[in-house]
Amino acid sequence: MDTQEVALTRREAQSSMVRRLNPWICSVFLLIGILVVMFISLSFGYMPFEFEEILDILSYKVFGHETSYPESRIMVLWDVRLPRLLTSLASGAALGLSGAIFQGILLNPLADPYTLGVSSGAAFGASVVLVLAIIFPSLSFLSSPLMPAAGAFVASVLTLILVMLLAADDEGRLPPPNLILAGVIMSAILSAAISFIKYLAGEQVSSIIFWLLGSFQARTWTEAGIVFFFFLPALLIALPAAMDLNIMTLGLRSAETLGVNTGRVRLKLLVAASIAASASVAVAGIIGFVGLIVPHLVRLLTGPDHRSLLPLSTLGGALLLSAADTVVRVFLPGEIPVGVLTALIAGPAFLVIFRSKMKDLIHV
Amino acid sequence: MSNSNTLNSDPFISQESKVNSAQECILSVKNLSFSHGKSPVVRSVTLDFYSGRHYVLAGPNGAGKSTLLDLLSHLKDPAKGKISIFGKDSSTYSPLELAKVLALAPQNFQFNFTFTVREIVSLGRRPYLGRWGRLSPEDEAVVERCIEILNLKKLAGRLVTGLSGGEAQRVVLARTLAQATPIVLLDEPTASLDVAQALDLMARVQVLTKEDKILVITVTHDLHLAAVYADEMVFLKNGRLVAAGPLAKTLTPPLLREVFDADSEVHPDPFTGGLNISFRHPTMPLKD
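First to last, the protein sequences are chains A and B. Residue 12 is where the first sequence starts when you use the numbering used here, and the numbers rise one by one after that. Residue 40 is where the second sequence starts when you use the numbering used here, and the numbers rise one by one after that.
So that you can see chain A by itself, here it is in the shape it has in the complex (with noise of 0.2 Å):
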């Protein structure tokens, strides 16, 4: 065997390791995976619940059948446990269909929600209502729960608009490139706006570093409202638009010429996405790697067509969240915030995919 004849059987084994997941069978198993996420975290914690007693509380929310349990037993499960629960879940879905989202927009696998300086925008915002609650106490209404959430989310999308804007070529496109370095630099100035801001709050600066952190403690229903409100047009959005995903990821010139509007598809996904993202950052703070590494897990799985990774990367992206949330509330002391958790996991975990996988799939 001559050496080109090795170096071919040498591919040709490489390449029998494409072998792919069927997308139906991975979306059978990640909704299992949710419902028994669903049901580890309703029932397990400060006061435990029994299989019958869950069943039985939500049959009496939902369809108003009788009920025998005691009523602070009923408000924990009903208003505590499962709007916590369904934040997390909405979430993390939020947060891995827009990092797929981002990452075929951008061409970039190693692009993430927060990578138009979504999540920048989002503390900001956060920031800027909680310093001002400091400076003004007599502003009571600055220190409802909700408004950091609601400045989170104006910011963030202020943010992507004017990162748009930069990056906007003559001919009124975005190229990803453009998209990547306005982001960039957006984010940068507003690190340092927020550590202005922590230095105006001087000693009360927990609040703004608490709230950066990104936690799922204490969310109601409101919550879980505003995510879902704003993450399932998203998804409605985003699914019907997957097949001119996979065709921009060819190129401008190759997707113009198969019949896709560009630049009409990359906006409506731009925002699809970012929505879904500041949604998320809005009510849970910033959460890091769920977005970045759901998706690629995903491909790992099932490979790049949009088509099942959009999906995938939605009930995965939820999976993971609420599980990681689980964890952090019922089996971790004293609750450290879930984005610190899913950081210091997902970032190793990330590390290893790439020192392992990365180099064969992708060139740089």
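Treat the hints as calculated values from the structure; they're not laboratory data. Every residue gets a Cβ at the ideal spot worked out from N, C-alpha and C, and that includes glycine. Be aware that one or more of the hints could be misleading.
[Said to hold, decoys possible] DMTMM-like mimics (lysine to aspartate or glutamate), calculated; alpha carbons at most 20 Å apart, straight line:
(1) K193(B) with E206(B)
(2) K192(B) with D178(B)
(3) K119(B) with E182(A)
(4) K115(B) with D180(A)
(5) K77(B) with D181(A)
[Unchecked claim] Which stretches of chain B does chain A cover? Using the computed rule of at least three CB atoms under 8 Å from a CB of chain A, they are:
(6) 112 to 124
(7) 157 to 171
[Claimed, not checked] A few chain A residues that face chain B, going by a derived Cβ cut-off under 10 Å, partial list only:
(8) P120
(9) L269
(10) G270
Chain A is already provided as a structure; the job is to place chain B on it using the hints.
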């Protein structure tokens, strides 16, 4: 329709291009102009293209070749002039209609995600598919045929991210052919290929042109390759059409001098059946 590759004032433009009556003019541009800001890039180009023929678009850098391809494929809008495809003003085509008659293999491409070769080629069927992109058996058959034509069968299941430059170029061409369009535009298809790969690619293009009667327009800097494989040459310089016509009529030393400012000799080449060009810079001293 008479051959309208004629600008009467210009001696280089062939007056009697031998166009077979079986071939029809499916693409024609008239007074096409385009400017980048204030500087004109394409100036009043008028030209007819016939099916079943391979046109090579040549000229020095900045001649407006790639811009002309962009105009033909609606990536840029002309400042002036008209493009007709099958006798119909091309601006009246919807993007999807256009994608069914005209395909472009771009020069710069990059595979960012781990699609397989077959998946990438399948994306070329997009103009014929519904929103969810399901392939019918007919679509699958077209994809398989394109994979076969470009000799990609062994690679079909591989990831495109692991291909060599030449293999990737063939995948891009297969994807373009999967669009099954009567007009195919190739932007520097051999730029990253070695000699054998370039010859192979051009031979496959030639087969397609003849067998499927498609119109191929190739932009290239490789005049040696053009001299073997082109049916027609189109020379641009500073955005103007300098000459257009059958290979033997247009690939001549005076014309090459005019377009490229280089001295040359052109001989019939029995080895290839085409032409052979030798270039010499005007100031280069002759060796003895």
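Against the 20 Å threshold, does the CA-CA distance of K193(B) and E206(B) hold or violate the hint? holds, 11 Å
Minimum Cβ distance from P120(A) to chain B below 10 Å? holds, 7 Å
Are three or more residues of the segment 112 to 124 of chain B within 8 Å, CB to CB, of chain A? holds (count 3)
Given a cut of 10 Å on the nearest C-beta pair, is the interface hint for L269(A) held or broken against chain B? holds, 5 Å
Closer than 10 Å between Cβ atoms is the bar; does G270(A) clear it against chain B? Give me holds or violated. holds, 4 Å
Below or equal to 20 Å on CA atoms is what counts here, so check K77(B) against D181(A). OK: K77(B) and D181(A) at ~14 Å, within 20 Å.
Count residues of the segment 157 to 171 of chain B with a Cβ under 8 Å from any Cβ of chain A, then say if the count reaches three. Check passed, 9 qualifying residues.
For the pair we were handed, K192(B) and D178(B), check the Cα-Cα distance against 20 Å. It holds: about 17 Å lies between the C-alpha atoms, which stays within 20 Å.
Assess, step by step, whether the Cα of K119(B) is no farther than 20 Å from the Cα of E182(A), and give holds or violated. The given pair, whose Cα atoms are some 18 Å apart, holds under the 20 Å limit.
Does D180(A) sit within 20 Å of K115(B), going by the straight-line distance between their CA atoms? Given pair K115(B), D180(A) holds - Cα atoms ~14 Å apart, limit 20 Å.
The structure meets every hint from the earlier list without exception.
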